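I would like the entire structure built from these sequences, with the hints used as guidance.
Note that the protein sequences, when read in sequence, are chains R and H. Residues in the first sequence are numbered from 1 upward in steps of one, following the numbering used here. Residues in the second sequence are numbered from 1001 upward in steps of one, following the numbering used here.
Careful: at least some of the hints might be erroneous.
In silico contact screen, one side only, chain H against chain R (beta carbon under 7 Å); selected entries [claimed, not checked]: (1) Q1151; (2) G1288; (3) T1292; (4) G1297; (5) R1377; (6) P1380.
Ranges of calculated distance between the beta carbons of each label pair, as one might list FRET restraints [claimed, not checked]: (7) S29(R) with P1002(H): 19 to 25 Å; (8) T118(R) with R1385(H): 14 to 20 Å; (9) P1002(H) with H141(R): 17 to 23 Å; (10) D10(R) with L1021(H): 33 to 39 Å.
Dumping the calculated DSS-like pairs for lysine-lysine here, alpha-carbon to alpha-carbon at most 30 Å [unchecked claim]: (11) K1197(H) with K17(R); (12) K220(R) with K1379(H); (13) K1197(H) with K1052(H); (14) K1197(H) with K1075(H); (15) K17(R) with K220(R); (16) K1052(H) with K1075(H).
Calculated from the structure, these hints are not laboratory results. Keep in mind the model is a prediction, meaning the values are calculated, not measured. Ideal placement from N, C-alpha and C gives every residue a C-beta, glycine not left out.
Spelled out from the first residue to the last, the chains are:
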Amino acid sequence: MSAADIELVDVRKVYRKGRNAISALDGLSLHVAPGSFVVIMGPSGSGKSTLLHLVGGLDAPTAGTVRVGDAQLEQMSERGLTAWRSRHVGFIFQMYYLVPVLTAAQNIELPLLLFHMTGRERRQRVRTALDIVGLSDRTDHRPSQLSGGEEQRVAIARAIVTDPDVILADEPTGDLDARTSEEILSLLSLLHAQYGKTIVMVTHDPRGAAHGQRVVHLDKGILDRDVQNDTHAATAAAHK
Amino acid sequence: MPLQLVYLGRNLTRNPLRTLLTAAAVALPITIVVLSSAVIDGINLFLDNSGKQLRLVVVNRASIVALLPEGYRAKLEVVDARRPIHVCGQRWLGGQLPNDPRPLSTLAADVDTFPAVFPDYLLRPGELEAWQTDRQALIVGRGTATQFGWQVGDRITINPSVPPYVPLQFHVVSTAPDAVDTYTLFCRRDYIAEELKRNHYMEDRVSLFFVKCRSASDLEFYRTAIDPFFANATDETMTQDEKTFMNQFITQQFDLPRNLTILCAITVLVATLAAANTMSMNFRDRLGEYATLKSIGFGRRAILATVQAESLAVCAAGGLCGALVPYIAFTYTRLREYPVPLIQQLQIRPVVCLLAVGVALAIGLLAGAWPAWLAARLKPVDAFRALE
Ligand SMILES: Nc1ncnc2c1ncn2[C@@H]1O[C@H](COP(=O)(O)OP(=O)(O)OP(=O)(O)O)[C@@H](O)[C@H]1O
Ligand SMILES: [Mg+2]
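Structure representation (structure tokens):
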């Protein structure tokens, strides 16, 4: 069990396309405490995904600094970032992005290939991850044989199997119906409450926001509102 | 099984038809490469044998289709009495069977000197006797004999492609089991001369003379001595050693080795393009997958290896099939006896197959290079945006 804090200082991200320059993030500063569950909201194009990509080391800021735990990301090479991601970050996407030709268990095992580990150890880890997401009975199913909610559970298991410090989820319920969404959100709350993961989740869904301890609103690349969630729905949901 | 191999295997069967067609697109050129190498090998073997025979070929300097007086033989024999030679005049007949379009390569040769000039035919005592006594004797290359199902003792009719243009009757007296040339048919020139005369054609001219020398130094001597000897005659001669003559014949008539090499290069190029196209399609289909692998923490090298491994696997499979099928066919089946014009039966050497598989791997490497590079350089963020 490990968690890291996240600190962004005056982060700018400018996308250049020919002569046009689009400012996706415009001087954003933000601190996320270790082991907290933060929800990012905001209109389309406000820079939510960009923020997540910078925190996950998938992209480099144009200016400013991004620190995750001990890692100062803007100073790292692409190679260094890739290796760092494999150990410290778990990504969850709206479209799951499972490998269609591999079974649920094999998809979850993929990230473990980057670790020095015996086969037995890997299988053990995969089994544990499957247990946590409640899919122990779907081990050998291919993604095409799973429902959307189940696919996202597999994706979550893949994200946590390496025991990362932070989990970054970009609209994880964007493609799911209300009930399935609620299940996925509860699962994320559980990961936060029970395993102490730092979670940053982008969502458009107000019900999703209720699961976070804190809701950060972005608008046009700057911090618009930063709300503490007093109801602690996240903790509540986890113990339901 | 390691997950990497499982992934590779599943990738190959993801789109079975695509994989199969790509492998086939590689297999075909590899087969062409293997067969072409065997043909070129055969030509070289034939030429090497020609080179060992200490024979010169004398033709009309004006053109290979122009004839020479048969009287030149007597003159050739006395160019230098201290260096005895055997001279065999031959006249081209070509020909076909009455009801078979396949061309034959028939030559009418001087009866008396043929065995001495072509000792590599190793005519057996009975065969030699039949050749000397039977006016209609015919020696058939064993490849041709197999092709037409002829045996010693068979009677056959050949329609010559040149005068006398009348059906000619022959008796097969030998199928030359030891000769390197498995293709050519030899009949007696005296028989043809009679037929020519009877049909009012000039019978006293030949297409070429083979001059068999006793030693390499004699061969050197005659190579340069003969042409000046006939320098001011009506028909001037051109003398070459047999290997040069045959090589020139092959390259001028067909330019086979060169054309086969060009053919191979083109088909290999086409295969590379086809395989590269497949790998690019695969890459586009799996954009999200590669982006995910990268975001999970797989580095450029791992992604590069994933794409290249698949490309190599497909092409290696195609290459193996493309090399093994002709190898097995020409080594273990009846195709082994299939005669190829001018050269021996096709012999496919294992090393050629190995080399061909190497070519297939090179195709795989080239075909996978660009998509592998793209996949390795792929920025996950861009891929995700493109897929949104
Ligand atoms: N690679 C890129 N090239 C050009 N512009 C980009 C690129 N990535 C993002 N942008 C722009 O940056 C801005 C922020 O994009 P981002 O994807 O972070 O928004 P978002 O808040 O996640 O939106 P959504 O809710 O629609 O997912 C947008 O205007 C977008 O068009
Ligand atoms: Mg987004």
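With a cut-off of 7 Å on the beta carbons, see whether G1297(H) makes it to chain R.
2 Å, holds
Using the beta carbons of T118(R) and R1385(H), state whether their distance is inside 14 to 20 Å or not.
38 Å, violated
Would the hint on T1292(H) be counted as holding, given a Cβ-Cβ threshold of 7 Å to chain R?
With Cβ-Cβ at 4 Å, under 7 Å, it holds.
The hint says 19 to 25 Å between S29(R) and P1002(H); measuring C-beta to C-beta, is that right?
45 Å, violated
Is the hinted range of 33 to 39 Å satisfied by the C-beta distance from D10(R) to L1021(H)?
55 Å, violated
Is K17(R) within 30 Å of K220(R), Cα to Cα?
Judged against 30 Å, a Cα distance of about 18 Å means the pair holds.
Keeping to a limit of 30 Å between CA atoms, is the pair of K1052(H) and K1075(H) held or broken?
25 Å, holds
Given the proposed pairing of K1197(H) with K1075(H), does the C-alpha separation stay at or below 30 Å?
23 Å, holds
Given hint Q1151(H) near chain R, where the shortest CB pair must fall under 7 Å:
60 Å, violated
So the hint says 17 to 23 Å: do the beta-carbon atoms of P1002(H) and H141(R) match that?
21 Å, holds
Given a cut of 7 Å on the nearest C-beta pair, is the interface hint for G1288(H) held or broken against chain R?
5 Å, holds
Is the hinted pair K1197(H) and K1052(H) satisfied, with a Cα-Cα distance of at most 30 Å?
Violated: K1197(H) and K1052(H) sit about 37 Å apart, past 30 Å.
Checked against the numbered hints above, the structure violates hints 1, 5, 7, 8, 10, 11, 13; every other hint is satisfied.
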